Amino acid sequence: MDNTQISATAEFDVIVEAGQLERAYWRDVWQFRELFLFLAWKDVLVRYKQTAIGVAWSVIRPILTMVVFTVIFGRVAKLPSDGDTPYAIMVYSALLPWQMFAAAFSDAGNSMVSNSNMIRKVYFPRVMLPAASMVVSLVDFLISFGIFVILMAYYQFVPDIRILLLPLLLLLALAFALGIGLIVSSLNVKYRDFRFIIPFIVQFGLYVSPVGFSSSVVPDQWRLLYSLNPMVGVIDGFRWCILGDVVDFYLPGLAASIVLTISILVFGLAFFRKSERTFADTI
Amino acid sequence: MTDPVIVCEDLGKSYRIAKGTEQTKFNYVALRDVITDRVKNFGGRGDAAQSDFVDFWALRNFNLKLHAGERLGIVGHNGAGKSTMLKLLSRITEPSSGVMKIKGRVASLLEIGTGFHPELNGRENIFLNGAILGMTRTEIKQKFDEIVEFAGIEEFLETPVKRYSSGMYVRLGFAVAAHLESEILIVDEVLAVGDAKFQQKCLGKMGEISDSGRTILFVSHNLNAVERLCDRIIVLNRGEAQIDTKDVAKGLNFYMEQFSDIYASEWTNELGVHQNPFFHPTRLAVTDSSGTPIQMPVPNNRDLFVSVEGTAEEPREGLTILLIVSDENEHVVFVSGYHDGPQSDWPLIRTGKNHFKCRIPSRFLNEGNYLVQLVARFNKGDKLFGRSNTKAAVQLKIEGGLSDSPEWITRRHGVVAPVLEWSESD
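From first to last, the protein sequence lines are chains A and B.
Counted from 1, the first sequence has number 209 at position 209 by my numbering; the numbering is strictly sequential.
Counted from 1, the second sequence has number 144 at position 144 by my numbering; the numbering is strictly sequential.
If you are wondering where the hints come from, they were derived from the structure by calculation, not from laboratory data.
Given the structure is predicted, the values throughout are model-derived calculations rather than measurements.
Some chain A residues well away from chain B (every beta-carbon gap over 10 Å; in silico):
hint : residue
1    : V29
2    : L64
3    : T70
4    : P86
5    : L171
6    : L260
With a cut-off of at most 30 Å between alpha-carbon atoms, the simulated DSBU-like pairs for lysine-lysine come out as follows:
hint : chain 1 : residue 1 : chain 2 : residue 2
7    : A       : K49       : B       : K162
8    : A       : K190      : B       : K101
9    : A       : K190      : B       : K391
10   : B       : K141      : A       : K49
11   : B       : K380      : A       : K190
12   : A       : K49       : B       : K143
13   : A       : K190      : B       : K383
14   : B       : K143      : B       : K201
15   : B       : K391      : B       : K250
16   : A       : K274      : B       : K101
17   : B       : K65       : B       : K246
Using N, Cα and C, we set each Cβ at its ideal position, and we do this for glycine too.
Okay, chain B solo, but in the shape it has when bound:
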């Protein structure tokens, strides 16, 4: 076996976050606040502010020896530490503990078209993006025609990319990245965009890249893609690697079982997270019409209710409470907010206890595992707790009851499985 090209020893990354909220790492500090805090604390206990923060380990004790030519797939739920790991390996952020050693050139593709400028045309952006990803001018020139051909944008080379369709934009971005001549390629989720045909093309290209003996690190929610592309898999959960195996099927099974282990059909806020005066969630549950939690799985022909409970000390009008329902691949199936109806029908958040329920109609969700997440944010965009960090989440498993038709007995092709009306036209 060859020597390793990536070695991580006890790698970890911690963020300093405000107690209770698990939010602050995304918020900016204003100089104004720092100054006013200092003035307030003047003469008082100076480190009072310090103790309001705790260290949150987004990734810890991560060990990895990756050899040349290996194709490692990394899966994990939102917040499991995947992005943090990618950012460490691509050197975007520095570790809080441990050592990381890399041999050879690394190209990391954490986003399609990083650095694209909307005003510049296709040709200019190929050069810019290539340079940002670490290509030299000579390399870009050599690969230029190949890139243009792969992206299929010959006629639009002189058009500013702001006029590109999103499909063209993505194709161009991937095309540049796919032609990087690096020994190690780090790819995050990029296949989640673009049409099916292009996704196939991307997967094909990545297969080609790995066949040429280069090392690939691939993070995705698309389990099929991981299965096709990777020969090793790591399952991350809450910042730690739970399994690291060359048996990809075994790893994927482990990951899927985890899904039903982590989330129950009822969540109560026993840990006291998401403390805030506007809406402090206390319970989230999938129930029947009487309000009792349902045993999973549920047949598709039953109405389901998502029951949301929470307390508020200072209700605010601009606060929106949303449910995000996503499937096993963490693709969002739908989002529903309590402000979706006409304004006169909006429920109000009142001081004290609140209890809302949202009906998910029967004959709508397809068979499968779903995650229902509770999210609260202000209309102007500030999140109290968002999709990536909400702890209020429950599982929903739909099985059977798909239709009264004798023809329709298995999971229906498609995202949703409605039974629509068909009749003879007069």
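Next comes chain A alone, as it looks inside the complex:
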């Protein structure tokens, strides 16, 4: 809490000048850090209270997708797995980051519009909203991961010790989701029909990312180009951590992911801050 006493010398806490970016923005973000937790807590509570099948849904969705992908890509199209890993495990290890990314990105993208009432009535650093909305997807991830453990037990599959590196890759996926989520949520405020584009991006992304198949099916000369999708690096990294050395790990791809993600995040933040100033007027 800011216990500013009214002192004799006029030291102002907030100075807002027309046409100037706010100077104390990051200090404000720090001051409102508890709000971030509250917003995230609200989203999680609401998510599991509102839908009667709240938790069940986070269980059913990844399993059904895994079954469909295993049948279509593994059995019908007969694409190769990584080494002798069961196809289902290979698909599931990619679904983990992908579904988290997809949920985080759509929630972040819609966060401004779905909280428009708050934006019109209270001040707080707006970046809290997209950031906090992503926490739900992290909770979903943990549930899906629980299923994954059961799945591995069923296939009697022992993961590599590198599985401990997963949080870092998770962070990368979240950073990427936040980066484009910030851009999309700003555009969403400005152009109301933009929200129709979000599900399309997610669906399109699912097919251009190596979720249903292994990246090794991509010819070597195209590999770097393919890695321009930062989710490629994340998904390959996930597989490498879980499935072990059978995964043909492409390091330049991960490097490209990291560089791109950081650039997108930086650009997203700048874009968001620039648009943020007029949110309350347009939303």
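With chain A fixed as given, assemble chain B onto it according to the hints.
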């Protein structure tokens, strides 16, 4: 005197609006339209679209030095710039000109229960709302019992707020806000909700807050509340402060006189506002049965007619024309639409000139000043011009003629003053 806690220098806010309509600031842009516009203008004069917009200053040249412990009341008619000013001071929106400096923590209460989620229960919403208003978790915990007691919702703490009555909802919202420990409290209109007893309680709490030396900025249409609570008053009109005085009574008088200055009993569209092909209003007047405008004040025992004239190029069936009648405190007394009767009796909007009239029966409105506003909107909700931005408005002043009874000679208690039939029961 202490140093100021809020300083505004030449503060202003402008919105870009489409010419003629004064509407666009509330409308959303669709990406689809932007793309089609770009394609249409391709190779043409690119900035043709730009010139269709003008800057509308919702607030300008606003100067303020507010000292610690002052209780400032802000009054003004709809569209005078009150909300804009509050939004600037609470940092919800950024100024288009000028500088604003604030010392200390600001809690702004522009709405009761901001961020309440209907699915969450009372306890959860207290924490959420408190956090949104800027309280820390420790503070909320400390004040939790006090908040619950003030709101009087002990038994409903575990009930989702969607099952709350509107009264409980409002009480809970105010209770959280009232326990904010901020140096500056900005309050908008919140007392317009809740029952009379709770309003008293709120006013009492606000008095308590200000007695503790904190600074209050209070916007309200409730002039009694402003008079009781404030020791300084600013009257806003069309985005500018017209008077800023410590003599609250003087300020309020100024505001009330303004009411009769702004609106006449006849309005004609000389400025050509609200241009649109569906219904372009040209005249609004309070008249007698023959159609001639009436001199104010009018006694309550006369039938009054509100005459609405306008032209249409492309009449649309779904268009509704409404009259909104509100009192001096800007509370709506009633709303009347020309679609209120059975469908067979609805007047039609035809291409060319249209003239409708609406009868306000005698022995209905109480003594006082009223504002009659013309509003047009489509059934699905899109407004051509709404209550907050309509320029078609006339004044109505009722005085005398309240009853034939010798007992009843002054303004009757209550909102309306009908003379109802009483007889002996058989």
